[in-house]
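A.B. asks: Protein sequences appear in the order of chains A and B. All residue numbers for the first sequence refer to the numbering used here, where the first residue is 3 and numbers rise by one. All residue numbers for the second sequence refer to the numbering used here, where the first residue is 3 and numbers rise by one.
It should be emphasised that the hints constitute simulated quantities derived from the structure, not laboratory data. What you are looking at is a predicted structure, and each value in this text was computed from that prediction instead of being measured. Any given hint might turn out to be false.
A pair counts as met if it fits within one copy or between any two copies, since identical chains are not told apart.
Stated by the list, open to error - With a cut-off of at most 35 Å between alpha-carbon atoms, the simulated DSBU-like pairs for lysine-lysine come out as follows:
(1) Lys121 to Lys414
(2) Lys414 to Lys33
(3) Lys149 to Lys414
(4) Lys149 to Lys121
(5) Lys33 to Lys121
2 protein chains.
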Amino acid sequence: MRVGIGILGGGVVGGSLARRLLDDRAAIAEKTGLDLELIKVAIRDLERPRLFPSAYATNNLDEVVDDPDVALVVELMGGLEPAGSMVLRALMAGKPVVTANKELVAAQGPALFDAAASKGVSLLFEAAVGGGIPLIRPLTESLAGEKLTRVIGIVNGTTNYILTAMDEAGSRYGVALEEAQRLGFAEADPTADVGGGDAAAKATILAGLAFGVWVGSEGVYRQGIDGLDLRDLAFARQLGYVVKLLCMAESRPEGVSVRVHPTLVPRTHPLASIRGATNAVFLEGPAIGQLLFSGPGAGGEPTATAVLGDVIDAARELLAGAQVAPRILLGDRAVADFGLVPSRWYIRLEVSDAPGVLAAIAGVFGEEGVSIASVWQEGRGDEATLILITHEAEERAHIRAVVRLETLEVVKQVASTIRVLADES
Amino acid sequence: MRVGIGILGGGVVGGSLARRLLDDRAAIAEKTGLDLELIKVAIRDLERPRLFPSAYATNNLDEVVDDPDVALVVELMGGLEPAGSMVLRALMAGKPVVTANKELVAAQGPALFDAAASKGVSLLFEAAVGGGIPLIRPLTESLAGEKLTRVIGIVNGTTNYILTAMDEAGSRYGVALEEAQRLGFAEADPTADVGGGDAAAKATILAGLAFGVWVGSEGVYRQGIDGLDLRDLAFARQLGYVVKLLCMAESRPEGVSVRVHPTLVPRTHPLASIRGATNAVFLEGPAIGQLLFSGPGAGGEPTATAVLGDVIDAARELLAGAQVAPRILLGDRAVADFGLVPSRWYIRLEVSDAPGVLAAIAGVFGEEGVSIASVWQEGRGDEATLILITHEAEERAHIRAVVRLETLEVVKQVASTIRVLADES
Numbered sequence: 003m004r005v006g007i008g009i010l011g012g013g014v015v016g017g018s019l020a021r022r023l024l025d026d027r028a029a030i031a032e033k034t035g036l037d038l039e040l041i042k043v044a045i046r047d048l049e050r051p052r053l054f055p056s057a058y059a060t061n062n063l064d065e066v067v068d069d070p071d072v073a074l075v076v077e078l079m080g081g082l083e084p085a086g087s088m089v090l091r092a093l094m095a096g097k098p099v100v101t102a103n104k105e106l107v108a109a110q111g112p113a114l115f116d117a118a119a120s121k122g123v124s125l126l127f128e129a130a131v132g133g134g135i136p137l138i139r140p141l142t143e144s145l146a147g148e149k150l151t152r153v154i155g156i157v158n159g160t161t162n163y164i165l166t167a168m169d170e171a172g173s174r175y176g177v178a179l180e181e182a183q184r185l186g187f188a189e190a191d192p193t194a195d196v197g198g199g200d201a202a203a204k205a206t207i208l209a210g211l212a213f214g215v216w217v218g219s220e221g222v223y224r225q226g227i228d229g230l231d232l233r234d235l236a237f238a239r240q241l242g243y244v245v246k247l248l249c250m251a252e253s254r255p256e257g258v259s260v261r262v263h264p265t266l267v268p269r270t271h272p273l274a275s276i277r278g279a280t281n282a283v284f285l286e287g288p289a290i291g292q293l294l295f296s297g298p299g300a301g302g303e304p305t306a307t308a309v310l311g312d313v314i315d316a317a318r319e320l321l322a323g324a325q326v327a328p329r330i331l332l333g334d335r336a337v338a339d340f341g342l343v344p345s346r347w348y349i350r351l352e353v354s355d356a357p358g359v360l361a362a363i364a365g366v367f368g369e370e371g372v373s374i375a376s377v378w379q380e381g382r383g384d385e386a387t388l389i390l391i392t393h394e395a396e397e398r399a400h401i402r403a404v405v406r407l408e409t410l411e412v413v414k415q416v417a418s419t420i421r422v423l424a425d426e427s
Numbered sequence: 003m004r005v006g007i008g009i010l011g012g013g014v015v016g017g018s019l020a021r022r023l024l025d026d027r028a029a030i031a032e033k034t035g036l037d038l039e040l041i042k043v044a045i046r047d048l049e050r051p052r053l054f055p056s057a058y059a060t061n062n063l064d065e066v067v068d069d070p071d072v073a074l075v076v077e078l079m080g081g082l083e084p085a086g087s088m089v090l091r092a093l094m095a096g097k098p099v100v101t102a103n104k105e106l107v108a109a110q111g112p113a114l115f116d117a118a119a120s121k122g123v124s125l126l127f128e129a130a131v132g133g134g135i136p137l138i139r140p141l142t143e144s145l146a147g148e149k150l151t152r153v154i155g156i157v158n159g160t161t162n163y164i165l166t167a168m169d170e171a172g173s174r175y176g177v178a179l180e181e182a183q184r185l186g187f188a189e190a191d192p193t194a195d196v197g198g199g200d201a202a203a204k205a206t207i208l209a210g211l212a213f214g215v216w217v218g219s220e221g222v223y224r225q226g227i228d229g230l231d232l233r234d235l236a237f238a239r240q241l242g243y244v245v246k247l248l249c250m251a252e253s254r255p256e257g258v259s260v261r262v263h264p265t266l267v268p269r270t271h272p273l274a275s276i277r278g279a280t281n282a283v284f285l286e287g288p289a290i291g292q293l294l295f296s297g298p299g300a301g302g303e304p305t306a307t308a309v310l311g312d313v314i315d316a317a318r319e320l321l322a323g324a325q326v327a328p329r330i331l332l333g334d335r336a337v338a339d340f341g342l343v344p345s346r347w348y349i350r351l352e353v354s355d356a357p358g359v360l361a362a363i364a365g366v367f368g369e370e371g372v373s374i375a376s377v378w379q380e381g382r383g384d385e386a387t388l389i390l391i392t393h394e395a396e397e398r399a400h401i402r403a404v405v406r407l408e409t410l411e412v413v414k415q416v417a418s419t420i421r422v423l424a425d426e427s
């Protein structure tokens, strides 16, 4: 049972996939009963050396999508356009599509799901979140009967690599970033990674699958790691925490909250031990308790493996003549107002070491309804630093308290604020 | 689109499932588009209180399987019979079956898969391994394109609970077992758990899915934790290891090796941090590197969640009128001769502390081709203990060396031998 495959994009992932379709054709057929035949790969530059024979290459995207021998389209170009138009065209032609494009799925997911459903074909995107870690299928199938409460992930390998280097080697942010770039863990322009944009797209997808609400990257509260000070990582370490860039999606009575920000994670939490470029996703629900998935979040080979799993699934459906993969059903749940979401904060203050300082500071927090969990002083006299960790309180109460702290005479500077992972919701 | 569900077995898992089908019917319909209607639950004793209304109860298994309103059968009785006959009868009647019965799947998997395939219906068993952890779907679908090399799992919560208590609280085996029984983590008759039989059934299933070879529980080399001495856990701790009952399935040039035995795991390995009744499975392959899945390995609610995910999948297929879930295709790969499989050993010897002891012992290992990685002596004189850890060598060479050690005059006793986790294969 032959299925012709066309690939859009022949870079690291597309090249790996093309090579594996060619090299492993017999092995895949033996394991799955499917004969997957590579038909064409669309690439931008026909001159660059590739991982697959040039006979398969074309620089014309239409030629791949429109080829009658191509029954299934794999989109690995990335970016919104022309990827989005090509995916839509393939779906409207009744061809199932597999993509690893988190930016596209986050931005246009619901419209693309509708298009796929209208034609009765699948749009699969396992590789869009967590690279080689199977996440989409467990979320949409294995856990279809669970009312998940919270999804917490380390879904960006670049930032986790940088934060691990800062924590373990004591490297400053700029030094760690340069090393990550030198070793290929960060792009020349690292903005999308270090600014949290990449994680926000993935958070949109995870929240959509877990809670049926598509917030879009714009609806995600987002803070990157580019402003992090090594001193805060050192204080965090002394207090038993490690700083991670977490994406968090939470189902709350007032709605679904989706956010990406640096977070103090207790060293005893399973996510604290996720080092380097590894990704991990932690799922919580009343029936399943806590599940952890971890593995390689990026890289050509792991990502191509996830794409190939989707290709095999989509080919099975195509041959069965039925769409069985779960449709992504979106409900009408509200997105929670971020100001009302409870959080815990770590706050570092540069203060005058004078009598009554703590009383003044504690007074502000008390008036704003924020309760202080612990206080820790470093240094004396003019160089005194105060570290506070608060109990859970609404974001807006924290913000009001911090704004008021800055007006206190005894507070020289609110040097930094970082959120702290709250216990199980 | 209504699908009638019949359940065989109304205990902890069956009762949870029945209650959720009733309580969450509208929520499941909203999330999946499927109307799952509970028809009947077969239980042994109609008098015992249950988690669901007695109107659904019957003590006649046939009545559930043969009911024309029951389109999908869930088998949660456990054991080989009458579960096996009932599953087969449902499949032959063209009804998809979901089961959590690892014993049945391990023993009769291939025959049941054939029966399901002959009728074009699915036999799903996500809950049979790893309770609430999604494993079967990732293995058979997401990783369908990967040539896995090794699967290592902590798949029995009872033994991991006991080993954690021995390691952390320094409890002896018997004390830890009694505590586990008192808290409901171990059965009154713990044989299947502590003897490794439960883990062997799960190892059979994992190896079958990963490598296409069904060894059956009898084909699994099996050693339980009932013989473990607290002293060895203490020595292991001092040497940087923790003892875990691991199931391991490995694809080797000479065939597939499947085994269950206590294993020294380096404290830095992700499996070392899996505590208490938690389960975890670690997958290795050339493209994906290493993946870790962890979560609740047992318990009514987590297991019912996994079963419900399968029920939703099977109902989707039923309504689509097509079998899309991957068939389990078994190949003809050989099972490796256990004696030829390489392993590392920890060996504790009671010796006379006389000159030349180590030379005599090292001589035996050298002659059998086993290289010693480290030696550590505890105590002096008549009370001397020698701990050896070897490099990788064939099982049969280790066994020959240990048999010969027992004949040495300087060796009073080979007090214990435990295998050591080898690095990535």
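A.B. asks: None of the hints should be skipped; say for each whether it holds.
C.D. replies: The hints, checked one at a time:
1. Lys121 to Lys414: The answer is neither: 62 Å in one copy and 76 Å across copies each exceed 35 Å.
2. Lys414 to Lys33: neither (66 Å within a copy, 52 Å between copies)
3. Lys149 to Lys414: neither (46 Å within a copy, 60 Å between copies)
4. Lys149 to Lys121: both (29 Å within a copy, 33 Å between copies)
5. Lys33 to Lys121: both (29 Å within a copy, 21 Å between copies)
Of the numbered hints given earlier, the model fails hints 1, 2 and 3; all others are met.
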